[in-house]
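Spelled out from the first residue to the last, the chains are:
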Amino acid sequence: MGYVPVKGGTEAIEASIKRVKFERLKGEAILEIETILSTMRALVDQVMSESSLYSPQLAALAIKQAEGSMEEAVFLMRAHRSTLPRLYYSQSVETEAMFVERRISASFKDIPGGQLLGATYDYTHRLLDFDLINEKKADNTHWLHSYAKELQEVKVEETIERYPKVVEYLRKEGLFEQYEMDNTEPEDITKRSLEFPASRSARLQVLTRGQTGALTSLAYASLRGYGEVHPTVGEVRVGSLPIYVKHPNEEDGSADEEFYIGDIQVTEVESFVPVNVKNEHNEDELEFEIGYGICYGQNETKTIAMSILDQCLEHLNDEFPTHDEEFVLLHIDSVESSGFISHLKLPHYVTFQSKLDSIRQVKKGVQVNEG
Amino acid sequence: MKANTHFAFFDEGSKKEIRRATLKAVAIPGYQVPFASREMPIARGWGTGGLQLTLSLIGQTDVLKVIDQGSDESVNAVSIKKLVQDTTGVQLTECTEQADIIQSRHRIPECSLTKEQILVLQVPIPEPLRAIEAREYVTKCMHAEDDYSGAWLMLFEQIMKYGKTATTADHPVSVHDRYVMAPSPIPRFDNPKMNHSEALILLGAGREKKIYAVPPYTSVKSLAFDDYPFTVESFEGAHCHLCGAVDVFLDELIDHEKSETIYQCNDSAYCIEQLNKQEKVEVESTYA
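First to last, the protein sequences are chains X and G.
Each residue of the first sequence is one higher than the one before, counting from 1 in the numbering used here.
Each residue of the second sequence is one higher than the one before, counting from 1 in the numbering used here.
To be clear, the hints were calculated from the coordinates, so they are not data collected in a lab.
The reader is advised that the hints may include incorrect statements.
[Said to hold, decoys possible] Partial list, derived from the structure: chain G residues whose beta carbon lies under 8 Å from chain X:
hint	residue
1	P41
2	I42
3	V75
4	S79
5	R130
6	A131
7	A134
8	V138
9	I159
10	K161
11	Y162
12	A166
13	D251
14	L253
[Claimed, not checked] Capping the alpha-carbon separation at 16 Å, the derived lysine to aspartate or glutamate pairs in EDC-like fashion look like this:
hint	chain 1	residue 1	chain 2	residue 2
15	G	K164	X	E289
16	X	K109	G	D100
17	G	K161	X	D122
18	G	K161	X	D110
19	G	K161	X	E287
20	G	K115	G	D62
21	G	K164	X	E285
22	X	K109	G	E73
23	X	K278	X	D263
24	X	K109	G	D251
25	G	K164	X	D284
26	X	K18	X	E67
27	X	K172	X	D324
28	G	K82	X	D284
29	X	K172	G	E12
30	G	K115	G	D100
31	X	K109	G	D255
32	G	K161	X	E283
33	G	K193	G	E236
34	G	K258	X	E287
35	G	K161	X	D131
36	X	K109	G	D72
37	X	K64	X	D122
For glycine and all other residues, C-beta sits at the position ideal for the given N, C-alpha and C.
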């Protein structure tokens, strides 16, 4: 039976839903949540980042249910997010306290604390690995054992070292401006609608939960010439951050009374961008500014893109769409953009009829006039 | 499902096509020849243009050197070398003089190259007018009409703003008095090395799908005004803390123990060569 929007649609919809279930089940294989969690780290991280909900388990479930579709998985997570009570805001986090797994600088060869490559695809060759077709569990176990052995031979540092920020070195030289700590409570864009001009905290929130592809495209456009920001990456760091919340009833509690609620893995980027500033004699001078990016999980391209767009939006410029706050912030959200694009699949019979009528009338009118 | 990789990764048809574009580039110095840039097993923007040139040129008897920011051991140089060697089995070297093909990112080696060598430069943004005009169609017209007023204006505006030209790496050059070209982001320090170079210089931009060239013995002038001449990066008073070299491009390092700034040759192969020479002299003088 065909799909009729007004009557008789119910049966068709049910059949369609059954069909989509069939598509997922027909191969008769079951993908365990555990398998997704341990083999699809990148996908899980991207879904968490775009849904602004930190839960690897739920992200894996969403991926399973969505058959691996990013937009669908993020959609599921965001919808679920709406059902969760929001009880506390965490204490602000000092990213210098991060347990660093990876940290690189593209600005200096020799950064204080050193470069730490960690896990990255950057230096792998993108050649299809045909061996993975016949991957054996026993081989993997063997590899893991020998890797663990190798690691045992590595000398472990006795003290936990804090990695200083690369920018501090340049700040000491006066190449970056010193700012007062701004501890005003950030705006929560999920509880209050975005207003323009947006505050920086609101802007950073929109960017961090933006769609990976959209952020990457717009930042790329800015680099290529449709924008004015071409940074050098000062520092990329990936690692886990401990999150604390304050005691709800004790207003002036000390840090000892804060509750540790767990770790989140994040990627953080500080990009260095040369900008024009006026000095006290009203002369133009060159100085560096920082473009900032942070998001859940290991999403380095997205975070670097965020740092570029952050810097673009610090310098509004009508000439380029990438420097237009409304253009960028209103179009990068996965749920909003994919939702409105896909609404075009809904019936538009009435509006189209109206358009048809109008075009027919106009055409007729032209012919009459010409005749 | 499994396929063996062909010599130098590409099929012969692809190599031929890239070589044709290269020949055209050599014939029209500084002109950006569009080519059907392939997707490579390294990321676009990480030197795929240079890599495509190298792979289309390389033969079994060639000796390859790859440098990234002056260093043979830089992560990306290592990765590119590994890929070329895995697919060709050619000999690798760190010694500039021994190499036939030198693929480089952001540097021209300190010692001068010979007519037996080809320098392949990786280029991120081949269009010298991109900062002035974002649209490719328009910049192409500007090149055709020899309209480089935008590039001159950029330098002029810098002089008005800062009292001097403030270009960084990638200072535009005029090749054979016709095309203005982006010399790939080499520091200004290296621009003069392009002028009447004995070695063929090929420039490849994979992401932007362009190949261009400076044939041997071709004039390459850095854009500048008579009263505001072209200047290179200054390392006045600084010398390499290892080999003592001056008149080379230096890296700024921080001595963590003394919290002092120290300098070191950026071209690591050159630095080692200097050190070896000094040691040789030392050894000879001691035993004599």
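Straight-line alpha-carbon gap X:K109 to G:D72, limit 16 Å: The hint holds at about 14 Å.
Given the hint that G:K161 pairs with X:E283, does the C-alpha gap stay at or below 16 Å? 8 Å, holds
Check the hint pairing X:K109 with G:D251 against an upper bound of 16 Å on the C-alpha distance. Roughly 8 Å separates the two Cα atoms, so the pair holds.
Has the given pair, G:K161 with X:E287, been kept, meaning a C-alpha gap of at most 16 Å? 14 Å, holds
G:K164 and X:E285: Cα distance at most 16 Å? 11 Å, holds
Against chain X, run the beta carbon of G:A131 and see if the smallest gap drops under 8 Å. 7 Å, holds
Against the 16 Å threshold, does the CA-CA distance of G:K115 and G:D100 hold or violate the hint? 10 Å, holds
Is X:K172 within 16 Å of G:E12, Cα to Cα? The hint is violated at about 55 Å.
Just to be careful: measuring from the Cβ of G:P41 to every Cβ in chain X, is the smallest value less than 8 Å? Cβ of G:P41 sits 4 Å from chain X, so the hint holds.
Hint G:S79 vs chain X: min CB-CB distance below 8 Å? 4 Å, holds
When you check the alpha-carbon spacing of G:K82 and X:D284, does it fall within 16 Å? Roughly 46 Å between the alpha carbons, so the hint for G:K82 and X:D284 is violated.
Hey, does the G:A166 contact hint survive, CB to chain X under 8 Å? It holds, given that the least Cβ distance between G:A166 and chain X is near 7 Å, below 8 Å.
In the structure shown, a violation is registered for the earlier hints numbered 8, 9, 15, 16, 17, 18, 23, 27, 28, 29, 33, 34, 35, 37, in ascending order.
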